[in-house]
Amino acid sequence: MTNEPQFDHVDMMLNMGPQHPATHGVFRMVLTVDGERVVDVTPHIGYLHRGTERLAEVETYGQVITLFDRVDYISNLNNELAFVRAGEKIMEVEAPERAQYIRVILAELNRVASHLLFIGTYAIDLGGMTPVMYCFRERERIENLFEHVTGARMMHNYMRIGGVKSDVPDDFVPWVRRLIGEVRMGVEESDKLLSTNEVFLARTQGVGVIDGPTAVSCGLSGPSLRGSGVAYDVRKDDPYEIYPYLNYKIPLGENGDCWDRYYLRVLECYESLNMIEQCLDQFPAGPIMAAGRRIARPPAGEVFAHSENPRGDLGVYLVSDGSDKPYRVKIRPPSFCNLVGLATMTRGAYIADAVAILGSLDIVLGEVDR
Amino acid sequence: MTAQDPQAAPAEKPVRHGPPIVIAEEVLNERGEETAAQLARTLGPLALESAGREDNPWARVDAKELHAVAKECRDGEMGMDMLNLMLAVDWIDRIQMIYVLYSTTNNRKVILKADLPADAPAIDSLSDLWEAATWYEREAHDLFGVDFPGNRDMSPLLLYEGFEGHPGLKSYPLNDYEEW
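Respectively, the protein sequence lines represent chains A and B.
The first sequence begins at 1 in our numbering and counts up by one.
The second sequence begins at 1001 in our numbering and counts up by one.
Because the hints were derived from the structure by calculation, they are not lab data.
All residues carry an ideal CB built from backbone N, CA and C; glycine is no exception.
There could be a bad hint or two in this list.
[As the list claims (entries may be wrong)] Here are the simulated SDA-like cross-link-like pairs (lysine to any residue), alpha carbons at most 20 Å apart as the crow flies:
#1 A/325 x B/1159
#2 B/1170 x B/1071
#3 A/325 x B/1175
#4 B/1113 x B/1076
#5 A/325 x B/1169
#6 A/236 x B/1029
#7 A/236 x A/251
#8 B/1064 x B/1094
#9 B/1071 x A/213
#10 A/165 x A/180
#11 B/1170 x A/180
#12 A/249 x A/180
#13 A/249 x B/1076
#14 A/325 x B/1173
#15 B/1170 x A/59
#16 A/249 x B/1175
#17 B/1170 x A/202
#18 B/1071 x A/217
#19 B/1113 x B/1091
#20 B/1071 x B/1029
#21 B/1170 x A/323
#22 B/1170 x A/50
#23 A/236 x B/1113
#24 A/165 x A/66
#25 A/325 x B/1174
#26 A/236 x B/1107
[Stated by the list, open to error] Part of the chain B face toward chain A, derived, beta carbon under 8 Å:
#27 1024
#28 1027
#29 1028
#30 1056
#31 1076
#32 1079
#33 1083
#34 1111
#35 1144
#36 1154
#37 1158
#38 1160
#39 1174
Given the sequences, and given the hints that come with them, work out the whole structure.
Here it is in C-alpha cells:
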C-alpha cells in the first residue's frame, strides 16, 4: 500500500450478515477495516447447520439420498450422484449404461442451471439487475425438464444405488435437444451482456487474486481453483460414469481473480451443453437399474468417492458396519473448502470488493453448514 | 413418541435379526499398488497397518507420528499438496481420524488414519501444513470433541458459542419430536 497513514489509528470491526442480500443465505463475516481497506476477515458459519451427517447415520441408504438433495439445494442431482456413486462403490454394483447416460445428462444440465444462477446473482452483487432475468428464464426451462423427468423441480430423489428411479419419458431426447439450443442462446446472451461490460470488468479484474499453490493449500476446488490455473477436475483426473467417452475441455484461468472465476463458469456452460449433445448422440437403450437385490445392505468397509459438483470436488466418505444404515457419512463440501480461501483473497481489498469476492466463490450455505 | 432422556442409562444393544455381516474385501488395482508402494517407501516402519481399495491405499500410523508423516507426504516424493478431506469416526471405544491427501501434480490419493482414545482425544494440528485443515479441525472439535494443539483458532464453527456436548458422537441423544 503506497499511502500508508503515518499516524496512530485503530482498526474498526464491521459486521456483514447474516441478513445481508449479498451473502446468498445466512452467512456472516466480520471485516476488520482500516479506512476503506479490509485488513482481516473472520467468517462465521453454522446458521444452517442441520446435522445432515449425523442424520444420515439413522436413515437407510435409500433415505439418505433425500438428505443429499438438501445439502446443496442448487445442484441437487450432482449431489445425489455423489452419494449413489459412493453407495455403488461399497456395494460393488455398477449402474447400467443407459442409467449412467441419464445421470450424466441430468447432472450436466444441473451444472448449467447452477452456473446460470451464479451468473445472474453475481451481476446483482455488482449492481447489474438485468442479467438475472435472462438467466432465470433459461434456468426455468431446465427446471421444467427436471419436473418432466423426475417429477420435482428441485428435490428430485431420482437417482438410486445401481441406477435411476424410472426411465426417461419418450419425448426426452427431442426435448433436451430443443432445450440445449434455447439455453445456449440464453447463455450467449448473458455472456455478451455481462462478460466484457466495462463496469463489470472494472469491478472484477485484478480483484480477489489468489495464486495456485495457496489455493491448493486452502483446499479450493472447481472453478475457484481452476481460475488460478490449477487443472484439477474430478471428471478428468478420476473419471467416473461415462465421462471418459465424452470429448470436452476443462477451461483454465490465468490470473486467479474474480473475473477468471466468473468467466470459467460461463465457458463451462458451453462445454456442458456440448457434452449433453454428445450423450444424446450416444444414448443407448437398455435397463436402467442394476440387477440384484433392492435393499442396500453393503459389506462392512469404507470407501471414498468423489465427483465434480458445479462448485468443485464433492467427496463422500462412507463407512459401513454391514447393516442397512451407514455407520458414518462424511461429505466433502466444496463450498466449505472454498470459503477457507476467502480471508486470503479479501485481505487488502476494498470493502465493496468483499462482496465481489464472496460472490465469485459461488457458495451455497446449505452445503457449507450441512 | 417421547423424547429420549439424556440422563437415562444407555439401552442394551438390540439383537440383530438381519443377515450375517459381510466384511468387504480390500483389493488394490494396478495404479493403487503403485501409490501404495510410494506410501510404504515414505512411511517406512511407521505404518502400523495398511491396505486399500481400488486406487486409494491407506495406512494407519501412531497419532504422535501423524504430523511428521503428513509433512513427509507433502514434501517428499509423493507431493501431496492438498488436504482433500479430514474426518473423525466415532467407534465408541476409540475415535479414528482419517485424512485424505491428494496430489494435484501426480494425481494420486492416499489416506492416513490415526486412532485416538475415546476419552480426551487429541492430535497435533495440521494447520501449519495445509490451510484447509483449520476449518476441518474446528468442525471435528465441534462435533467430536477432538483437541488439536497447534491450531490458532478453535472457536466453534458450526455450533454456536456455549453449545454443550458433541453432536457427532454416537452417544449424543437424537431427540424425537414431542407433542406440544
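To see whether the hints hold, each was checked on the structure:
{"no.": "1", "hint": "A/325 x B/1159", "verdict": "violated, 25 Å"}
{"no.": "2", "hint": "B/1170 x B/1071", "verdict": "violated, 31 Å"}
{"no.": "3", "hint": "A/325 x B/1175", "verdict": "holds, 18 Å"}
{"no.": "4", "hint": "B/1113 x B/1076", "verdict": "holds, 19 Å"}
{"no.": "5", "hint": "A/325 x B/1169", "verdict": "holds, 16 Å"}
{"no.": "6", "hint": "A/236 x B/1029", "verdict": "holds, 19 Å"}
{"no.": "7", "hint": "A/236 x A/251", "verdict": "holds, 12 Å"}
{"no.": "8", "hint": "B/1064 x B/1094", "verdict": "holds, 15 Å"}
{"no.": "9", "hint": "B/1071 x A/213", "verdict": "holds, 16 Å"}
{"no.": "10", "hint": "A/165 x A/180", "verdict": "violated, 24 Å"}
{"no.": "11", "hint": "B/1170 x A/180", "verdict": "violated, 47 Å"}
{"no.": "12", "hint": "A/249 x A/180", "verdict": "holds, 18 Å"}
{"no.": "13", "hint": "A/249 x B/1076", "verdict": "violated, 31 Å"}
{"no.": "14", "hint": "A/325 x B/1173", "verdict": "holds, 17 Å"}
{"no.": "15", "hint": "B/1170 x A/59", "verdict": "holds, 14 Å"}
{"no.": "16", "hint": "A/249 x B/1175", "verdict": "violated, 49 Å"}
{"no.": "17", "hint": "B/1170 x A/202", "verdict": "violated, 52 Å"}
{"no.": "18", "hint": "B/1071 x A/217", "verdict": "holds, 13 Å"}
{"no.": "19", "hint": "B/1113 x B/1091", "verdict": "holds, 13 Å"}
{"no.": "20", "hint": "B/1071 x B/1029", "verdict": "violated, 26 Å"}
{"no.": "21", "hint": "B/1170 x A/323", "verdict": "holds, 16 Å"}
{"no.": "22", "hint": "B/1170 x A/50", "verdict": "holds, 16 Å"}
{"no.": "23", "hint": "A/236 x B/1113", "verdict": "violated, 27 Å"}
{"no.": "24", "hint": "A/165 x A/66", "verdict": "holds, 13 Å"}
{"no.": "25", "hint": "A/325 x B/1174", "verdict": "holds, 15 Å"}
{"no.": "26", "hint": "A/236 x B/1107", "verdict": "holds, 10 Å"}
{"no.": "27", "hint": "1024", "verdict": "holds, 3 Å"}
{"no.": "28", "hint": "1027", "verdict": "violated, 10 Å"}
{"no.": "29", "hint": "1028", "verdict": "violated, 13 Å"}
{"no.": "30", "hint": "1056", "verdict": "holds, 6 Å"}
{"no.": "31", "hint": "1076", "verdict": "violated, 17 Å"}
{"no.": "32", "hint": "1079", "verdict": "violated, 11 Å"}
{"no.": "33", "hint": "1083", "verdict": "holds, 6 Å"}
{"no.": "34", "hint": "1111", "verdict": "holds, 7 Å"}
{"no.": "35", "hint": "1144", "verdict": "violated, 11 Å"}
{"no.": "36", "hint": "1154", "verdict": "violated, 14 Å"}
{"no.": "37", "hint": "1158", "verdict": "holds, 4 Å"}
{"no.": "38", "hint": "1160", "verdict": "holds, 7 Å"}
{"no.": "39", "hint": "1174", "verdict": "holds, 6 Å"}
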